[in-house]
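J.: Which chain is which? The protein sequence lines are W and C, in order. In terms of the working numbering, the numbers along the first sequence are unbroken and rise by one, the last being 1017. In terms of the working numbering, the numbers along the second sequence are unbroken and rise by one, the last being 1017.
I should point out that these hints are in silico values taken from the structure, not numbers from a laboratory. Treat the hints with caution; some may be incorrect.
[To be verified] Straight-line alpha carbon distances no greater than 25 angstroms define the calculated SDA-like cross-link-like pairs of lysine to any residue that follow: (1) W:Lys631 with C:Ser540; (2) W:Lys631 with C:Arg750; (3) W:Lys631 with C:Thr747; (4) C:Lys631 with W:Lys631; (5) C:Lys989 with W:Arg861; (6) C:Lys1009 with C:Asp871; (7) C:Lys593 with C:Pro809; (8) W:Lys631 with C:His748; (9) C:Lys981 with W:Glu530; (10) C:Lys593 with W:Lys631.
[Stated by the list, open to error] Covered stretches of chain W, going by a simulated chain C footprint (3 or more residues, C-beta under 8 angstroms): (11) 674–681; (12) 743–757; (13) 963–970; (14) 996–1010.
Backbone N, C-alpha and C define an ideal beta-carbon position, used for all residues, glycine too.
2 protein chains.
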Amino acid sequence: MSAYAQLETRFRRLSALSGALAMLEWDQAVMMPAGGAEARADQMATLGLLRHESLIAPEMGELLAAADGIKGELDPWQQANLREMRRLWRQAGALPGRLVEARAYAAAKAEMAWRRARAESDFPLLAPHLETLLDLTREAAAAKAAAFAIPPYDALLDDYEPGARAADLDVIFADLAAFLPDFLARALERQAARGAPLPLPGPFGQAAQQELGRRLMTALGFDFTHGRLDVSLHPFTGGVPDDVRITTRYDEADFTRALMGVLHETGHALYERGLPAAWRRQPVGEPRGMVLHESQSLLMEMQVCRGPAFLTFAAPLLREAFHGEGPAWTEANLFAHYRRVARGLIRVDADEVSYPLHIVLRYRLERALLSGDLAVRDLPAAWGEGMRGLLGVAPPDDRSGCLQDIHWPGGAFGYFPTYTLGALAAAQFYAAARAQDGTIEPGIAAGDFRPLLAWLRAKVHGLGSFKTTGEVIAQATDAPLGTAAFKAHLTARYG
Amino acid sequence: MSAYAQLETRFRRLSALSGALAMLEWDQAVMMPAGGAEARADQMATLGLLRHESLIAPEMGELLAAADGIKGELDPWQQANLREMRRLWRQAGALPGRLVEARAYAAAKAEMAWRRARAESDFPLLAPHLETLLDLTREAAAAKAAAFAIPPYDALLDDYEPGARAADLDVIFADLAAFLPDFLARALERQAARGAPLPLPGPFGQAAQQELGRRLMTALGFDFTHGRLDVSLHPFTGGVPDDVRITTRYDEADFTRALMGVLHETGHALYERGLPAAWRRQPVGEPRGMVLHESQSLLMEMQVCRGPAFLTFAAPLLREAFHGEGPAWTEANLFAHYRRVARGLIRVDADEVSYPLHIVLRYRLERALLSGDLAVRDLPAAWGEGMRGLLGVAPPDDRSGCLQDIHWPGGAFGYFPTYTLGALAAAQFYAAARAQDGTIEPGIAAGDFRPLLAWLRAKVHGLGSFKTTGEVIAQATDAPLGTAAFKAHLTARYG
């Protein structure tokens, strides 16, 4: 067996390990009783360590070198696969196994503490766990930064978006932090002038919400023989490409959030399912990174499903699902609901105008936490101050402040920026898609999502990790990633 | 760190791997959409292989030898832990990793084929998968038999019940095959003379059945912060001691089967939860084997919950759950339902008199399949013939014949005998428990299961793998495992 073929076998096993981990994570969030937490932390830390040890096994370096020697015999996808294998190997080699295991345990403990802390709005319950986790994260960032000769924060970003650089983020976030506060203020004025939409009277039973969600998911292209929809405290997309697990949470007084939540996660799920089937369980068949992943959920939710074409299709289904009648249930009034902007406290409930400001806050705070400029105990105060500065509101308690997100307690530092880069990419993709295929938007209005899905499959999903994020965006949209399409979209919808 | 301490670390990781596998198995049976099967097979085969490779790593033998050298410094539980480590290491060393992986894949494929074959009552759909699996099982049995100098079938038994020997089974099964057919015939005559119990009119909604099940599980001692109750095609107990997952299946026309099914699995769950907490994730903290495991489920179901004392407690709860009124819902009529015997086709629905005959059949057939005396294609005919001989009935189709059980398609050859050994042990344990503690049965009648659970915790659960099955039984009941208590129980209830 050639060195390359041996590598494929090894990485197939690594992918199976990662898949097992993904299922355990899903179960932890959706099914596990609280008393199972310690055993689960053991299971996940052990699998993570085994993955790490398999990656850094001495033969791995030898096989990579041998495969490089016969690179000319490989086809372009195999070459790209070899490149991705090397990238993962280098990443793992930068970290000692001890640190990988310790971070996994610390994250599991912090996440369990966060569940209690959030429920009780009690930040000190989380603080010591977060400090431990920050120490270990700093150590990991420093080790990887030294190995790759990049700044420590870039080393963290790289875990979620390969090649991302804080220097580029600074430019984009400065642009958005300058543009959005004024834009938001003007959008709020126009919204006030239009008057509030007619209220949508509830209650909306969870079963009816779920059935509607499943119906719309199916219309968008979600295949329930390869996935599930369940309930969790913090909605997410998990599982593996052939078994995609999405979750949501329901509010029986207001269906609008869970519905868009489901459609958002469906965007993630369609990306996973659309990854190149011929490269399942190989590195080149993996999602490129979190920027493209978030672009797919935000394209579906923000660009498509909160827009008039989708609501033309969906309004009758909503009326049917909830026995809605009268002027509150018109497409125009539903659009008015979904176009509302607000100076809100909660990121996941934020409208697309204010959302990037939530991200700018988290970006600034996580950089300050990591650099040591901000102490963990001062996080709640810094959060309040940042919210006032960027959004003009401050949380009354930590539950609706710095305890709202699972990311940091889960060990994900450097993740938040991908949401906003994803939002920019989503706007750019959708503008390009409509320009290139005039049947996409009429299709959506008629409930036919095949033209949109075909474009996404060809330009994004089916490429896996064959190209870089920058290449995928540039080739699909004829432009590098920037803020122009996003601003144009906001101006068209809210301006 | 001493060699022994290093071994504890290694076995803690192995236990985490096994725990991860247990969760993936549960998910496969309860949650996974059909399209996830291939990816799941990859995940499970990979984890199984990693477990195997960790066990047979060269340092493991060195550490075991070094720990043996300082055995005198270890306390009795540590010494037993070391003994169990060595047993697992020897077991793994007998099999090549290639074979472990191949069996896991073959079992995953055969199990998926079985699901279709059973639904369509189409044995040829399963047959080729079963042949492959049998070949691999024979190969594994031969390798282990050679390493341990035991017969190949004993090598398979040993996977489920350490130290079990077919020579002993032959004696017990000959005894039961001689006693039970006549006893069953007489019990049927007496039952006919008594007349049929009054029918219990349905339907019984799944939600009400589930709520009653949860209520009784809680009374028995099941802790829902450390476990779940769900639905699956084939009821089972899975998960890990701190997160025990039991399943059942509901029939809205008849609550009686699901109810006893839930109480049966609760017996398994209480054993898992009662394993010695100080030895979690170490070999000596594991269940001793499937004989004790099955003894705990059968003690709960057959000895306790189908008996008059339990029904005294449960009858009012059943009436409340299903709005039952009148003479059909008396404790006596419920007992008459639960004491019914029949010449049935389905093992999991069999009464306790005929059940061992189902096992004798499977024992004979799996030995014939493994030895090659019976070809896979001839299994349906041999099944029919065996059923006629032992039970006097034959299945009209393979769904209610050789396709009814998941065990063989799942790769479990040598498992079935443990059910009947477990039934014998259950009778022996319960007779001893009542003799030793006069508060047990009055407690059950009053809904207080603490005396029973305390006895089981002290005599069985809390011992983990500290002693052998034979030692546990002999010390708890003052007698070696035999058929006497079981026959006495049957005679008291049906004679």
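J.: Look at each hint and say if it fits the structure.
T.: Each hint, compared with the structure:
1. Taking the CA atoms of lysine 631 of chain W and serine 540 of chain C, the gap is about 21 angstroms. The hint holds against a cut of 25 angstroms.
2. Note on lysine 631 of chain W and arginine 750 of chain C: the hinted pairing holds, with a Cα-Cα distance of about 22 angstroms set against a maximum of 25 angstroms.
3. Distance restraint check for lysine 631 of chain W and threonine 747 of chain C: the Cα-Cα separation of roughly 17 angstroms lies within the 25 angstroms cut-off, and the hinted pair is therefore satisfied.
4. Note on lysine 631 of chain C and lysine 631 of chain W: the hinted pairing is violated, with a Cα-Cα distance of about 37 angstroms set against a maximum of 25 angstroms.
5. Simply put, lysine 989 of chain C and arginine 861 of chain W have alpha-carbon atoms about 68 angstroms apart, too far for the 25 angstroms limit, and the pair is violated.
6. The hinted pair formed by lysine 1009 of chain C and aspartate 871 of chain C meets the criterion: a straight-line CA distance of about 20 angstroms does not exceed 25 angstroms.
7. At roughly 23 angstroms between alpha-carbon atoms, lysine 593 of chain C and proline 809 of chain C fall within 25 angstroms of each other, so this suggested pair holds.
8. Annotation: proposed proximity of lysine 631 of chain W to histidine 748 of chain C holds, straight-line Cα distance about 17 angstroms (limit 25 angstroms).
9. Distance hint between lysine 981 of chain C and glutamate 530 of chain W is unfulfilled; the C-alpha atoms sit about 51 angstroms from each other, more than 25 angstroms.
10. Taking the CA atoms of lysine 593 of chain C and lysine 631 of chain W, the gap is near 35 angstroms; set against the 25 angstroms cutoff, the hint is violated.
11. Given as covered by chain C, the segment 674–681 of chain W fails the check, having 0 residues with a CB less than 8 angstroms from a CB of that chain where 3 are the minimum.
12. Counting residues of the segment 743–757 of chain W whose C-beta sits closer than 8 angstroms to any C-beta of chain C gives 6, which meets the bar of three, so the coverage hint holds.
13. Counting residues of the segment 963–970 of chain W whose beta carbon lies closer than 8 angstroms to any beta carbon of chain C gives 0, which falls short of the minimum of three for the stated coverage.
14. Using a Cβ-Cβ cut-off of 8 angstroms, 0 residues of the segment 996–1010 of chain W lie near chain C, which falls short of the minimum of three, so the contact claim is violated.
This entry does not satisfy hints 4, 5, 9, 10, 11, 13 and 14, going by the numbered hints stated previously.
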